[in-house]
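Participant: Model the placement of chain B on the given structure of chain A, informed by the hints.
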Amino acid sequence: MKVGHVLNAGDRALLETLLREVGPRVLAYVRRAFGELVDAEEVVAETFARAADNVAALRDCQRRDLYLLTTARNLCRDVLRRRRPEPIADARLSQHAAGGSAPDERLANDELCRRLRAAVDRLPVPQREVVALRLSAELRFDEIADLLGIPLGTALSRMNAALCRLRRELGYAHARQRL
Amino acid sequence: MHANGCDERPDLREDELTAALRDALRPEPLPNALTARIQAEFDRRQSATRPPWRVALRVAGLAAAACLLFALLLPWRSASPVPVAAGGRASPSAEAAAILAVFETLSWDSALEQELDMAAASVAAVREMLAQEQAVANPGTSSDDWDLPPPAEAGSSQSRAAPPTLGRVLTQAATGC
Chain A
5 MKVGHVLNAG DRALLETLLR EVGPRVLAYV RRAFGELVDA EEVVAETFAR
55 AADNVAALRD CQRRDLYLLT TARNLCRDVL RRRRPEPIAD ARLSQHAAGG
105 SAPDERLAND ELCRRLRAAV DRLPVPQREV VALRLSAELR FDEIADLLGI
155 PLGTALSRMN AALCRLRREL GYAHARQRL
Chain B
237 MHANGCDERP DLREDELTAA LRDALRPEPL PNALTARIQA EFDRRQSATR
287 PPWRVALRVA GLAAAACLLF ALLLPWRSAS PVPVAAGGRA SPSAEAAAIL
337 AVFETLSWDS ALEQELDMAA ASVAAVREML AQEQAVANPG TSSDDWDLPP
387 PAEAGSSQSR AAPPTLGRVL TQAATGC
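Same order as they appear, the protein sequences are chains A and B.
Following the working numbering, the numbering of the first sequence begins with 5 at its first residue and continues without gaps.
Following the working numbering, the numbering of the second sequence begins with 237 at its first residue and continues without gaps.
Same shape as in the complex, but just chain A:
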């Protein structure tokens, strides 16, 4: 059994804080960007295990949320590199699409929310990543560009393309719901 890095009390407190404050954003990003391709909860657990291994670097990092999001993204890419991307057509994905946790259950009856999530899941992965980083991980576009290693203009154009596609698919329904 791997022992891993030994944590002291200060490191443990730091990781607990990050788990509480950044953990939901990491999970939301992984679910929205790679939801049907990877096990999002497994990725989040492994992300925090890696963070515990490198807690010294994490302690010195100014943007710990970016550190954790980058780690999660690298883990997802490793998973995708190891196997062909096959959509996970199991009960967990349908639960995820319909909303499994309490807030999702509250929104499950909202037709607009369900259709929005389904439409986001149909976006190409590059666009989905930008949307998830912007709306789930709540990053700025320059931070998204840094994290993805792309120019700022590329990040903006991917977001714009994603919004156009979503609007094309959901526009009238959305308008009717809003009206």
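Hints in this document: simulated from the structure, not taken from any laboratory.
Careful, some of the hints might be misleading.
Said to hold, decoys possible - Some chain A residues flagged as far from chain B (calculated, every beta-carbon gap over 10 Å): (1) 61; (2) 86; (3) 121; (4) 150; (5) 167.
Unchecked claim - Partial list, derived from the structure: chain A residues whose beta carbon lies under 7 Å from chain B: (6) 16; (7) 18; (8) 28; (9) 31; (10) 32; (11) 140; (12) 171.
Glycine included, C-beta positions come from ideal geometry on N, C-alpha and C.
Facilitator: Same frame as chain A, now just chain B:
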């Protein structure tokens, strides 16, 4: 139409779509099972920390082992091999120490040898002294020409003949004179 092929739809404003997406994609709290799993991993790693008393125990054990080793090796210190310098020759101080050690090791029979030497010298001196006294009392020695008649001396010196030696006595008995 936009360059990316997106039609403008006046009935769905950009900010409304963004707000709806933000609501739909809003981060959710971590599932309790996932939180418990991650915290259990943290617990496991934190419990792997060595408590201070174990560190102190290890240091004390190492110190005791070092003392024991020193005590065991101390008697061997004087009999340790002579350290040799890099050039292959023992350093002068080491050489002197080695000589002293050898002298101390062999000194128990050195005194006996000295006494034997002194006794032998005394015996030799006594023997030499006795030989000299004997030579004075009996000047004839094996190197004398004992079978030749003593040189003739005039007059009264005849009565002062040399004392008869064993060879002369035997010669006189054989010749009858």
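Participant: Starting from the hint list further up, note which numbers the structure goes against and sort them upward.
Facilitator: Violated: hints 3, 5, 7.
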